[in-house]
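*Asks:* Sequence:
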Amino acid sequence: METQLTHFCRQFDRILRPLLGPVDQVVSSLGDGSGSLPVYDGLPDLREGHHRLKLLMEKIADQQAYVLIFGPLKSGKSTLMNAMTAAYVSEVTALPAYPCLVYVSHAEKPEYVITRYDGTSEALTSSAELHRRFEEAHRELSRHIRQFEEARHRGGSPPSYPSSEEHFDPAIHFPRAIRKVDVRVPAGDLAESGAVLVDTPGLYCRMKFGYDQMTRDFRDTAACAVFVVKTDNLFLEQVFEEFQELLELFGRIALVVNLDSSKCDLGPDGSLVPSLERENPQRIIEAFESLAMSAPLKAAVDEGRLRIYPVDLLRAASERLRAARGRSEQSDEPKAIVHTGFEAFRRDMTSYLESNEYFEAFRLDSLRYADGLFVRLRRSAEADDVVTIRRQAEQLRALIAQAESLSASLERLARRSWTDAFAETRNELEAKLEARFHEILRRERQQISAEIDAWFASEHSLEDLTKVILSRITTRAQEEIAAEIAESLRALGTRRPEPAAVEKCGGFIVDESTASDLSRGSIELLPIVQSAHSALRPRASITPLVHTY
22 METQLTHFCR
32 QFDRILRPLL
42 GPVDQVVSSL
52 GDGSGSLPVY
62 DGLPDLREGH
72 HRLKLLMEKI
82 ADQQAYVLIF
92 GPLKSGKSTL
102 MNAMTAAYVS
112 EVTALPAYPC
122 LVYVSHAEKP
132 EYVITRYDGT
142 SEALTSSAEL
152 HRRFEEAHRE
162 LSRHIRQFEE
172 ARHRGGSPPS
182 YPSSEEHFDP
192 AIHFPRAIRK
202 VDVRVPAGDL
212 AESGAVLVDT
222 PGLYCRMKFG
232 YDQMTRDFRD
242 TAACAVFVVK
252 TDNLFLEQVF
262 EEFQELLELF
272 GRIALVVNLD
282 SSKCDLGPDG
292 SLVPSLEREN
302 PQRIIEAFES
312 LAMSAPLKAA
322 VDEGRLRIYP
332 VDLLRAASER
342 LRAARGRSEQ
352 SDEPKAIVHT
362 GFEAFRRDMT
372 SYLESNEYFE
382 AFRLDSLRYA
392 DGLFVRLRRS
402 AEADDVVTIR
412 RQAEQLRALI
422 AQAESLSASL
432 ERLARRSWTD
442 AFAETRNELE
452 AKLEARFHEI
462 LRRERQQISA
472 EIDAWFASEH
482 SLEDLTKVIL
492 SRITTRAQEE
502 IAAEIAESLR
512 ALGTRRPEPA
522 AVEKCGGFIV
532 DESTASDLSR
542 GSIELLPIVQ
552 SAHSALRPRA
562 SITPLVHTY
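Residue numbers are given in our numbering: position 410 of the sequence shown equals residue 431, and the series is strictly consecutive.
These are computed hints drawn from the structure, not numbers from a lab.
Be aware that a few hints might be false.
Distance condition first, Cα-Cα at most 25 angstroms in a straight line; then the derived DMTMM-like pairs of lysine to aspartate or glutamate [as the list claims (entries may be wrong)]:
id, residue 1, residue 2
1, Lys75, Asp386
2, Lys319, Glu262
3, Lys95, Asp386
4, Lys319, Glu269
Just so you know, these numbers come straight off a predicted model, no measurement behind them.
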């Protein structure tokens, strides 16, 4: 049975997927953007659109529900992911404060893929290799940021950095930086729900662009958000500085207050007594709501969009991991303390992701996201530099087509046997010259007979007869015949092409296809024939027929 969500995703994918191939091809063709063409200036924006398109296609194809986990550094985000997946994913999600998004989903075997801002991807074989790669990437990124900041401090700009940029943007200033990581590990709970956990950079990371990227990637995208904060930071105003924007981005936010139920306070008698986090965590939440909660947060709570869950994440994760391995935790702590708030959080999150409310948000946000994506891609495609290079590309394609056509014509002409082209000319010359040849032959035969009679009456030797007398007569006959042939050829050379199915030109007879090839190659036969005729030297090719013995 096909659900509403499955039907929508299938239809949406069918309409949108044909766009992915051309965008892939364009981004790949532009390469690393190191060229000097003006069109490369728009490459970062095009890569951004390409990245978002792939993100949307992955979400639609797999019917994914994104659950974003964010909060200050060391607030317990990775521990929450362990608890939610009932798997030890923090081994790969606890990366060294690198400002990128980490997508965690289910797979039968571990898979690790990093994607860079330039659109390239790299598959890694293990979590250890992933950590090594991130350590290298972190050092390299820090170096580029320092160079950028030093250039700004000096009031200048390195050649590779656009001077108009006030803040470091890896999409522009260091496209080889890592943009996101896909981590796929065995996590049965994620397989059942189809959820993808997205671990985000810390809010107070110096490389804040990773957090900004998260807000761009998930604007107009149906997703749940989980904000994790320790009780020690719950009442710090700066912790919630970015919360207003998050309320605008996400339809449902869970505020997880990470408790430490093992914490103790000092009693009046000097003894260690259980802290408020252990004994009555709800009082901490009530104090936060009455003393520190801002008006936007209070409104979100009243609307049901923001819910607060006090959870001992460390204990909840431990219990879930042990249960997944068939082991139960032996603890003196009451079960309610171990699971403080976690089951309520998990139940509410699952209920929302399976609700019609989420499907409607998923549908509307996917359409809105796609519409914004089309606007971005259309803007990239219609930019002045792109229009100019598209026009130039069309001109180049036309020139290439002409060159290929010309090359094919020249190859056909080079392979052509021209013997047949002379056949009619040869027959015409033979017919014309045959009568003239017999006339000359009769005349010379009479002359030879007279010369022989005179030789008998003279004292000349046989050598004189053959070398001088007969040779002179035969040479004269050859010269006369050669002159007749040359004159006939010259006459043919003045013949212009006739408008017919075949072209007669300078003694050549070519078919329409060959005539077309000659025309395409701008080859005129008549000047070639006339030049060849003017170079004719009949006497130079005459060999005496009578030799001296």
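*Asks:* Are the Cα positions of Lys319 and Glu262 separated by 25 angstroms at most?
*Replies:* holds (15 angstroms)
*Asks:* With a cut-off of 25 angstroms on the C-alpha distance, tell me whether Lys75 and Asp386 pass.
*Replies:* With Cα atoms ~16 angstroms apart, Lys75 and Asp386 stay inside 25 angstroms; holds.
*Asks:* Please work out if Lys319 and Glu269 have their alpha carbons no farther apart than 25 angstroms.
*Replies:* Holds, at about 14 angstroms.
*Asks:* CA of Lys95 to CA of Asp386, is that 25 angstroms or under?
*Replies:* violated (31 angstroms)
Checked against the numbered hints given earlier, the structure breaks only hint 3 and satisfies all the rest.
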